[in-house]
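These protein sequences, in sequence, are chains A and B.
Each step along the first sequence adds one to the number in numbering that gives the first Met the number 0, with nothing skipped, and position 91 is 90.
Each step along the second sequence adds one to the number in numbering that gives the first Met the number 0, with nothing skipped, and position 61 is 60.
Hints listed in this document are in silico derivations from the structure and should not be mistaken for laboratory results.
There's no promise every hint is true.
Which stretches of chain A does chain B cover? Using the computed rule of at least three CB atoms under 8 angstroms from a CB of chain B, they are [unchecked claim]: (1) 81-93; (2) 132-140; (3) 167-180; (4) 184-197; (5) 220-233.
Small disclaimer: the values here were computed from a predicted structure and weren't measured.
Note that CB positions come from ideal geometry on N, CA and C, so glycine has one too.
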Amino acid sequence: MTALLVAEGLGKSFRRGGARLVAVDGASFSVDGGETLGIVGPSGSGKTTLARLIIRLIDADTGTLRFEGADLLALRGKALRATRKRIQMVFQDPLAALNPRASVADVIGDPLRIHRLADRANRPAAVAHLLDRVGLPAALASRAVHEISGGQRQRVAIARALATEPRLIVLDEAVSALDVSVRAHILKRLVELQVESGISYIFVSHDIAVVRAVAHRIAIMDHGRIVETGPTAQVIAAPQSATGKALIAAVPRLMPAED
Amino acid sequence: MTVLTTIEDLSVAFRQGTSSVTALDGINLTIKNGEQLAIIGESGSGKSTLALTLAGLLPASARQTGTIDWPGGPPIPGRDIGMVFQDPSASLDPVLTIGEQVAEGAVAHLGLGWKAAGLRARDLLARVQLPDPDSLLRAYPHQLSGGQRQRVAIAAAIAAGPRLLIADEATSALDTIVQAEIVTLLRSLVAEEGMTLLFITHDIALASSLADRIAVFRQAKLVEIGAAADITRQPREPYTASLLGAHIDLTTPPLVGARA
Numbered sequence: 000m001t002a003l004l005v006a007e008g009l010g011k012s013f014r015r016g017g018a019r020l021v022a023v024d025g026a027s028f029s030v031d032g033g034e035t036l037g038i039v040g041p042s043g044s045g046k047t048t049l050a051r052l053i054i055r056l057i058d059a060d061t062g063t064l065r066f067e068g069a070d071l072l073a074l075r076g077k078a079l080r081a082t083r084k085r086i087q088m089v090f091q092d093p094l095a096a097l098n099p100r101a102s103v104a105d106v107i108g109d110p111l112r113i114h115r116l117a118d119r120a121n122r123p124a125a126v127a128h129l130l131d132r133v134g135l136p137a138a139l140a141s142r143a144v145h146e147i148s149g150g151q152r153q154r155v156a157i158a159r160a161l162a163t164e165p166r167l168i169v170l171d172e173a174v175s176a177l178d179v180s181v182r183a184h185i186l187k188r189l190v191e192l193q194v195e196s197g198i199s200y201i202f203v204s205h206d207i208a209v210v211r212a213v214a215h216r217i218a219i220m221d222h223g224r225i226v227e228t229g230p231t232a233q234v235i236a237a238p239q240s241a242t243g244k245a246l247i248a249a250v251p252r253l254m255p256a257e258d
Numbered sequence: 000m001t002v003l004t005t006i007e008d009l010s011v012a013f014r015q016g017t018s019s020v021t022a023l024d025g026i027n028l029t030i031k032n033g034e035q036l037a038i039i040g041e042s043g044s045g046k047s048t049l050a051l052t053l054a055g056l057l058p059a060s061a062r063q064t065g066t067i068d069w070p071g072g073p074p075i076p077g078r079d080i081g082m083v084f085q086d087p088s089a090s091l092d093p094v095l096t097i098g099e100q101v102a103e104g105a106v107a108h109l110g111l112g113w114k115a116a117g118l119r120a121r122d123l124l125a126r127v128q129l130p131d132p133d134s135l136l137r138a139y140p141h142q143l144s145g146g147q148r149q150r151v152a153i154a155a156a157i158a159a160g161p162r163l164l165i166a167d168e169a170t171s172a173l174d175t176i177v178q179a180e181i182v183t184l185l186r187s188l189v190a191e192e193g194m195t196l197l198f199i200t201h202d203i204a205l206a207s208s209l210a211d212r213i214a215v216f217r218q219a220k221l222v223e224i225g226a227a228a229d230i231t232r233q234p235r236e237p238y239t240a241s242l243l244g245a246h247i248d249l250t251t252p253p254l255v256g257a258r259a
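The following block holds chain B by itself, in its conformation from the complex (with noise of 0.2 angstroms):
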């Protein structure tokens, strides 16, 4: 596989008050095209900073030292790399309908017209296998579900046709069910397109359903990084472990017994 981008002894820093707060402490890790990577951690672990400081999108306040090295050349935000937040509610504007919000990426990186950009914002709502794309082209955010939503961003994110799609905990405000059609979708989405996916979570078992590679990350720093099915089932650090062990799921014992 080549290198998407290599990242060496990446810092960052936020001002807060009078002193700073170090997001970002010394990371080191190279994302290779077309893998799907996964990182995890626990608030405060730093993990959307690496996300924002990819996407070029960290405020200007914040100090960021050391190098991001992309060989194929530095991406533009918005046309090489995609990004999917957490809140679909907050990522799209309630006043512009969901046709203009998809077709955006497309006229702006692709050069295309609106009226062209208006056919792609309906292939993309199509390829979200979202329905009735034709008519959809004319909603606003507000008169679809948070599912749907997330798929209309998801179609915005892919608009411009990025190598890279960060999705930041971008099915943990919805349900389960739901979540795991999201997933189902970004799985499928990054194959059809080879884009390389970096997919963060809280949740290690959803990265392990999804990812190739899973890094671990804990207040600020990178703790370990591994085949998905390696990290989950012979962590080399205690952390990985205890975030293991603190899963929860079908397997899990029960805290409470059956009652007579």
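This is chain A alone, in the form it adopts within the complex (with noise of 0.2 angstroms):
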């Protein structure tokens, strides 16, 4: 299996006032083609800082990050826009990512239309698929993004990602704010997404347990740093780092079935 993102030493910090506040320091690691990586860790551990220089909203001050193959870190201008069709991102709130007035038909459509993917005439059928691909009614299209449910809304945001048929989507705190039942049928659909067509995600969340459910692998960050990475099977049976063990730990348990 060949490596789709392979990520050594991405550094970032950000000034705080006259201190330097390190956000991500010297994460290395690697994704492959149809894989799902997990990266779990507390509050402040810099997991979305990790994921904002993964798709390139920020710029990282240390490390590299290949693509493909090309230096991800050094494209600009048309070959960087060419490369952003093939990592897209879903944010924790979608009512906060989508623009709430506009029609999901405009919110699948932009990216269809900005990277030319379908013209006028063939962009309802597209958004009508990729609806279907969802889960969602293609009747849907014509209404506005705060007139749908927030689990409606979530599916929307991962349609939109869908539209430029990305190879890697990362999904930062992508469930966490959704009802439970709402939650369990949106991942079910995303694993079975990456089943049909070999895309790869980076799934970060505070919550071991979801991570445990979708991911092949699983990275835990604290303080900026990577502390541990292996199988899911592994980390979850046997974590070595302190935090890991400290994430499985703090899991809510439904009462133990009585013996």
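Please assemble the complex out of the two chains, which come individually in their own frames, going by the hints.
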């Protein structure tokens, strides 16, 4: 298996008053095609900054990032836009990420228009197809983002991310604000989409139980560093880092069944 | 156990434009003194409206019918009922010191002067296990982490020694490690103070780890109520079973397998 994305020594610090805050400190990891890498850590561990570095919403201070063999951090202008098509992101709060007054058709149609993937005549059919891929009816296209439910909105955000047929989607706490039943359906659909298309995910969350359900491998972050990486089953069964142990111990357990 | 409050046929509706939305519909519920009752439900279940109704915080435009009887006399919000909300950054005043905010309840309800209330605030900050309470009294909310802010909000909520503490999604905005710490804190506080705890959450496992009884709400109605062990092991209602089925913990079968 060849790696889709390889990060080596990624670092990012921010100025805060007179001090420097190191948000990401020498992060190295890789993601294969068709694989899900879960990134878990407590608040302030740097996982969201890392997610933003990967899609180049912010630029890294140090390190290298290779995507499909190309130096992602060196890309500028046209070449960067072309690559952006292939890496998409879904955020926690779709109401903040999407224009609430836009129609669902526009939200999903915009990337098709911007990247010239479907002309005006073909766009409604393309939007309907994308809605179907995330399990929503085509009739939703004419509704405004603010009119639909939170779960539907997050599905629309995923459909928008899928519009450019990316190879990688970075999901930053993308199911954390959803009701449990909605969350379960969306996770299942994400995994089905992966099986169908071989897409890779970077799944960022503070909740190791949810990450365990969808990730092939887990990277645990704390204080800007990746403190542990391994296959999901191995990390869950025998965490090596103190942070990994704490994250696992903190998962609320349903009352154990009576023996 | 004696009864703290008996709720009979409680309905609450909010005006929305020209129509009205029913947030609670014919709720019957008895809360006992000293118990830990969890209210669980998804978005729109009415669980937060129940908290606001009990705390006397419904907006004036809300229409409330039915009765809420308090055998111990009508409670004074802030004195007899303390409330902790989801977002401590929104519930704390950014321009007041931690000391002022925690002392305020003691000044307003216990008749303490600011100096005595300040000493009580320092003790309360120690009770909620915040480090260095003396210097914390002069700090501002933005200087603290989210978990520390929620501890301050809890200290403020219990400042006047309430009979009932309502925690409305009080751990939902925190990461799981901090969530576990706050749950441990709440558990020990209610045990030591003999408070009644109403713990409102969307997380059925969290509810079962903290509460004696669980009440399940859905679309403004109370679906079922019972001992936490019975609700999680033998739910009577299909809706409760579906919530349990959708719950994800470390024993849930993973959706993906190992890769070669």
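For each hint, the structure was consulted:
1. 81-93: Coverage by chain B is violated for the stretch 81-93 of chain A (0 residues, Cβ < 8 angstroms).
2. 132-140: violated (count 0)
3. 167-180: With 3 residues close enough to chain B, the hint holds.
4. 184-197: Coverage by chain B holds here, the residue count being 4 at a Cβ distance below 8 angstroms.
5. 220-233: Holds, because 3 residues of the stretch 220-233 of chain A bring their Cβ atoms closer than 8 angstroms to Cβ atoms of chain B.
Consistency with the previously given hints fails for numbers 1, 2, ordered from lowest to highest.
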